[in-house]
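**Q** Each chain, letter by letter, is given below.
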Amino acid sequence: MAKRVGMEVSLAIGEAAKLADVDVVAAYPITPQTHIVEHLADLVANGELDAAYIPVESEHSAMSACLGASAVGARTFTATAGQGLELMHEVLYVAASMQLPMVMTVANRALSAPLSVWGDHSDAMAVRDTGWIQIFTENGQEVFDNVLCAFRMGEDRRVLLPVMIHLDGFHLSHMIEPFLIPEQSEVDKFLPRSNYPLTLDPEKPVSMGAFAPPVIYSETKKAQEENLAASRDVVIEGWNEFAGVFGRQYLPVESYRTEGAKVLLLTMGSYSETAMGAIDKMRNDGMDVGLVRIRLWRPFPTQELRQAVRGSETLIVFDRALSLGGQAGPVCSEVRSALYNEDSRPKVANIVGGLGGRDVTVAAFEEIINRGIEMAQQGSEQKFEIFGVRE
Amino acid sequence: MIKKETDVGWKDLEVGCIVVDPGSADQYETGDWRSQRPVHDNSKCNKCGLCFIYCPEGCVEQLEDGLYEANLFYCKGCGICAHECAKDAITMIEEAG
Numbered sequence: 001m002a003k004r005v006g007m008e009v010s011l012a013i014g015e016a017a018k019l020a021d022v023d024v025v026a027a028y029p030i031t032p033q034t035h036i037v038e039h040l041a042d043l044v045a046n047g048e049l050d051a052a053y054i055p056v057e058s059e060h061s062a063m064s065a066c067l068g069a070s071a072v073g074a075r076t077f078t079a080t081a082g083q084g085l086e087l088m089h090e091v092l093y094v095a096a097s098m099q100l101p102m103v104m105t106v107a108n109r110a111l112s113a114p115l116s117v118w119g120d121h122s123d124a125m126a127v128r129d130t131g132w133i134q135i136f137t138e139n140g141q142e143v144f145d146n147v148l149c150a151f152r153m154g155e156d157r158r159v160l161l162p163v164m165i166h167l168d169g170f171h172l173s174h175m176i177e178p179f180l181i182p183e184q185s186e187v188d189k190f191l192p193r194s195n196y197p198l199t200l201d202p203e204k205p206v207s208m209g210a211f212a213p214p215v216i217y218s219e220t221k222k223a224q225e226e227n228l229a230a231s232r233d234v235v236i237e238g239w240n241e242f243a244g245v246f247g248r249q250y251l252p253v254e255s256y257r258t259e260g261a262k263v264l265l266l267t268m269g270s271y272s273e274t275a276m277g278a279i280d281k282m283r284n285d286g287m288d289v290g291l292v293r294i295r296l297w298r299p300f301p302t303q304e305l306r307q308a309v310r311g312s313e314t315l316i317v318f319d320r321a322l323s324l325g326g327q328a329g330p331v332c333s334e335v336r337s338a339l340y341n342e343d344s345r346p347k348v349a350n351i352v353g354g355l356g357g358r359d360v361t362v363a364a365f366e367e368i369i370n371r372g373i374e375m376a377q378q379g380s381e382q383k384f385e386i387f388g389v390r391e
Numbered sequence: 001m002i003k004k005e006t007d008v009g010w011k012d013l014e015v016g017c018i019v020v021d022p023g024s025a026d027q028y029e030t031g032d033w034r035s036q037r038p039v040h041d042n043s044k045c046n047k048c049g050l051c052f053i054y055c056p057e058g059c060v061e062q063l064e065d066g067l068y069e070a071n072l073f074y075c076k077g078c079g080i081c082a083h084e085c086a087k088d089a090i091t092m093i094e095e096a097g
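Chains as they are written, first to last, in the working numbering: chain A, 1 to 391; chain B, 1 to 97.
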């Protein structure tokens with residue numbers, strides 16, 4: 001039986017990694033790092049978790065150490081946030097293209113300058129194209145559950161990819177929330193040990209991360225793209241299996257009160273729960289509004305998104321990051337691209353908000369929806385707006 | 001038998017593009033970098049082996065009669081052999097086309 005406890009989300013993520021019986025944790029502890037790796041350090045030092053804890057000299061080294069751990073077949077976990085994720089950047093591509101499974105939680109934070117450790121999605125968007133499976137979460141339990149799911153999905157022989165779980169910095173990482181913590185035996189059953197097909201082994205030497213001249217590089221990238229796209233089915237299968245055992249169901253795109261809605265708001269991350277409050281209030285006031293949330297960010301759930309917005313007239317995409325100099329926020333650009341070739345599609349408006357930890361309340365989401373409806377009428381002249389910015 | 005790299009399709013690649021056949025780098029034709037080719041005048045050659053020693057690619061081979069020849073599959077045309085040859089027996093010739 002699962003036990004219900006109150007716990008800081010970061011600590012609960014450490015507990016999830018412990019229940020997943022990780023072999024190696026490599027992490028750099030200084031701000032913007034969270035309590036996730038601090039708690040794991042405690043668990044290892046106290047003998048509660050039998051794992052190698054590698055304290056490294058930077059985030060770049062943290063990810064590099066994780067590569068090595070995964071390459072010998074160890075179950076590998078790390079966590080980072082904000083600037084730390086950026087320092088890992090080049091090694092993230094290596095983990096994905098060498099198909100080295102591992103799980104990393106990212107407490108999403110704004111990027112410098114100016115210095116800000118508060119939450120937004122700038123760090124996540126900068127690593128969008130690194131080839132990792134990427135999942136966004138809305139509350140602590142979702143992060144906890146998805147850490148368990150992520151090991152199963154990433155280690156699956158049909159996938160063999162690293163998985164990134166995004167959680168909003170502070171709004172999730174530093175909150176104390178209620179958790180249902182499953183029994184070790186339940187987790188063991190859901191998450192059996194996996195042997196990777198090709199690991200570093202002196203008995204059977206292989207070369208990893210070898211040189212690829214122009215004659216073969218395109219083929220390696222095609223293989224990577226096909227593999228990441230095909231991981232979608234295994235991700236969905238993993239969530240379905242999880243629902244069967246633990247009773248909580250996750251989907252690539254999730255809808256809230258979208259029945260008959262002509263106006264839809266689209267969000268990603270913990271603000272989705274705040275936005276639900278606004279949807280409830282506006283529905284009670286008689287407006288046909290609903291909420292669509294993207295959970296699976298990579299591989300992008302194109303079909304599910306199209307299905308979720310079908311029949312709507314206005315779609316307001318709420319981004320928590322800027323694509324400086326671009327057409328819209330990063331999520332909106334993806335959404336517009338996914339819908340462009342559809343014969344019938346909603347007008348898409350884009351509002352960016354919640355930058356660098358700026359609070360967006362239920363009342364603010366009402367304003368965002370109303371403003372988005374106005375913006376959508378402006379046709380090709382409309383530009384994205386930053387919500388609540390002072391002149 | 002290792003497939004020639006131009007015959008390898010994306011479906012042929014191992015997980016993570018891991019190389020499982022040792023020594024597969026010898027399939028890499030560095031010779032196609034070459035814009036000049038070494039031509040040996042064997043009437044001048046005294047078989048001293050300087051070209052063999054100095055070749056950074058290790059592609060100069062000694063033949064049964066003791067003379068030397070560059071393996072053009074690997075020769076990048078750097079010209080070091082021609083520069084080092086004590087007898088000026090090696091000339092770099094422009095590759096046609």
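Hints are computed from structural coordinates only; laboratory data are not their basis.
Just so you know, not all the hints are guaranteed correct.
[Said to hold, decoys possible] Here are the simulated DSS-like pairs of lysine-lysine, each with C-alpha atoms no more than 30 Å apart in a straight line:
#, chain 1, residue 1, chain 2, residue 2
1, B, Lys87, A, Lys221
2, A, Lys204, B, Lys44
3, B, Lys3, A, Lys204
[To be verified] With the Cβ distance kept under 8 Å, some of the chain A side facing chain B (calculated, not the full set):
#, residue
4, Met98
5, Leu160
6, Glu219
7, Gly357
Here a beta-carbon is modelled for each residue, glycine too, at the ideal position from N, C-alpha and C.
**Q** Hint numbers the structure violates, sorted upward?
**A** 1, 2, 7
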